[in-house]
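Peer 1: Those sequence lines, one after another, are chains A and B.
Here the numbering used here runs 51 ahead of the position in the first sequence, where the first position is 1.
Here the numbering used here runs 78 ahead of the position in the second sequence, where the first position is 1.
There could be a bad hint or two in this list.
Claimed, not checked - Part of the chain B face toward chain A, derived, beta carbon under 7 Å: (1) G120; (2) L121; (3) K179; (4) F182; (5) S184; (6) G185.
No wet-lab data here; the hints were simulated from the structure.
Heads up, the beta-carbon is just placed ideally off N, CA and C, and yes, glycines get one too.
Here's the letter readout for the chains.
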Amino acid sequence: QKEVEQNSGPLSVPEGAIASLNCTYSDRGSQSFFWYRQYSGKSPELIMSIYSNGDKEDGRFTAQLNKASQYVSLLIRDSQPSDSATYLCAVKGGSQGNLIFGKGTKLSVKP
Amino acid sequence: DVKVTQSSRYLVKRTGEKVFLECVQDMDHENMFWYRQDPGLGLRLIYFSYDVKMKEKGDIPEGYSVSREKKERFSLILESASTNQTSMYLCASTLGQGSEKLFFGSGTQLSVL
Numbered sequence: 052q053k054e055v056e057q058n059s060g061p062l063s064v065p066e067g068a069i070a071s072l073n074c075t076y077s078d079r080g081s082q083s084f085f086w087y088r089q090y091s092g093k094s095p096e097l098i099m100s101i102y103s104n105g106d107k108e109d110g111r112f113t114a115q116l117n118k119a120s121q122y123v124s125l126l127i128r129d130s131q132p133s134d135s136a137t138y139l140c141a142v143k144g145g146s147q148g149n150l151i152f153g154k155g156t157k158l159s160v161k162p
Numbered sequence: 079d080v081k082v083t084q085s086s087r088y089l090v091k092r093t094g095e096k097v098f099l100e101c102v103q104d105m106d107h108e109n110m111f112w113y114r115q116d117p118g119l120g121l122r123l124i125y126f127s128y129d130v131k132m133k134e135k136g137d138i139p140e141g142y143s144v145s146r147e148k149k150e151r152f153s154l155i156l157e158s159a160s161t162n163q164t165s166m167y168l169c170a171s172t173l174g175q176g177s178e179k180l181f182f183g184s185g186t187q188l189s190v191l
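Looking at chain B on its own, in the form it has when it is part of the complex (with noise of 0.2 Å):
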């Protein structure tokens, strides 16, 4: 079975901290993603990749950066966090372009206070 693993399952951090949340899959995938999921507003792309050091901009990626510098791990960093990043990240990857049957993380419940 594809494992996708998130670091941490709760997190709290503070205003203008810098926030990393790491991802790693065991399945030699390809293609990795973050989402973010909030109340009402569903499932948002923040930020994807399609190979190793490889990153494209999703749907917000306004106050996040991201980095892989390898192929199993794909980093999301919150540069200085902010009260309305607080939500449930979640990471994903599929084995190869076209990001069809996603594997999702656990996801990480981030509180920025």
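Here chain A stands alone, though its shape is the one from the complex (with noise of 0.2 Å):
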């Protein structure tokens, strides 16, 4: 069964700090990488992708990528209580090439 774990959180943080999402993934073989952000009462969103190891910045968002550790992350700069949200990693890497997700972290930014 290919897994993709997350920490539930609640992750609070203030209002300027960096937060920090993490996540791993037990498929070696995956290949794509995303985050998604999903407001209390919505739908997720996608906020982020990456596919080669290292750093993908875009604004205050930087998505981290290792695929020798499984691990892939997502920092949030200059965090803002707009932030508050549910973060939801998913890898590509179900039997037909579907998404796995994580079952997300909690972001609380206090003002």
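Assembly of the complex is requested from the two constituent chains, each provided in isolation within its own frame, with the hints serving as guidance.
Peer 2: Next comes the structure, spelled out in structure tokens:
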């Protein structure tokens, strides 16, 4: 059973701090990794994708991938209360190449 | 913008009823998916479809079936609803094979009493 693991949180950070969200996956052959954000009562939306080892930056968001350690993370710099949401890590690797989701980490950014 | 529309936001049904959840997307996407989301269990794939009249089982297909008679519409059917099918159901679509950027509908919160 291919798995994606996340700390469920909640992770609480003060406004302006860096939030660090972590994810590990079991399928060493996985090649594509994604972060979805889900606000309370809303549907998930894709915010970052990463395919190669290293860092990928998009505004205040940085995704980091280490395939050797089977680890992917999301850093949110200058965290804002509007970043408060559940962040879902997803890995492409199901039996038909579908996404496997982690259970999500709930982030709370305190003003 | 891609729009994925689910017919009902909230639905209450009785045990044993046949339940239809409808999903329509307006961007000519090839692939459509049905997930359920439960606290502590995350998003789990029920069924998916890569083409009209085609369906594939996901990770938890038991107790469900699907129908895709037209490209834009993907229906989830609970043949005989049970209380353990109380959940948030999310429909999603993607342009092509690979299911990377999923566009989700707003979800249907189903309660089975």
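Peer 1: Would you mind marking each hint as holding or not holding in the structure?
Peer 2: Results for each hint:
1. Residue-level restraint check for G120/B holds (minimum Cβ-Cβ distance to chain A is 4 Å; threshold 7 Å).
2. Hint on L121/B holds. Least Cβ distance to chain A is approximately 4 Å, under the 7 Å limit.
3. Restraint check, K179/B versus chain A: the minimum CB separation of about 5 Å is within 7 Å; hint holds.
4. Taken as an interface hint, F182/B checks out: its beta carbon lies about 4 Å from the nearest beta carbon of chain A, inside 7 Å.
5. The restraint placing S184/B at the interface with chain A holds, with a minimum CB-CB distance near 6 Å, inside the 7 Å limit.
6. The criterion of a C-beta within 7 Å of any C-beta in chain A is met by G185/B, whose closest approach is roughly 6 Å, and the hint holds.
Hint violations for this structure: none, all hints satisfied.
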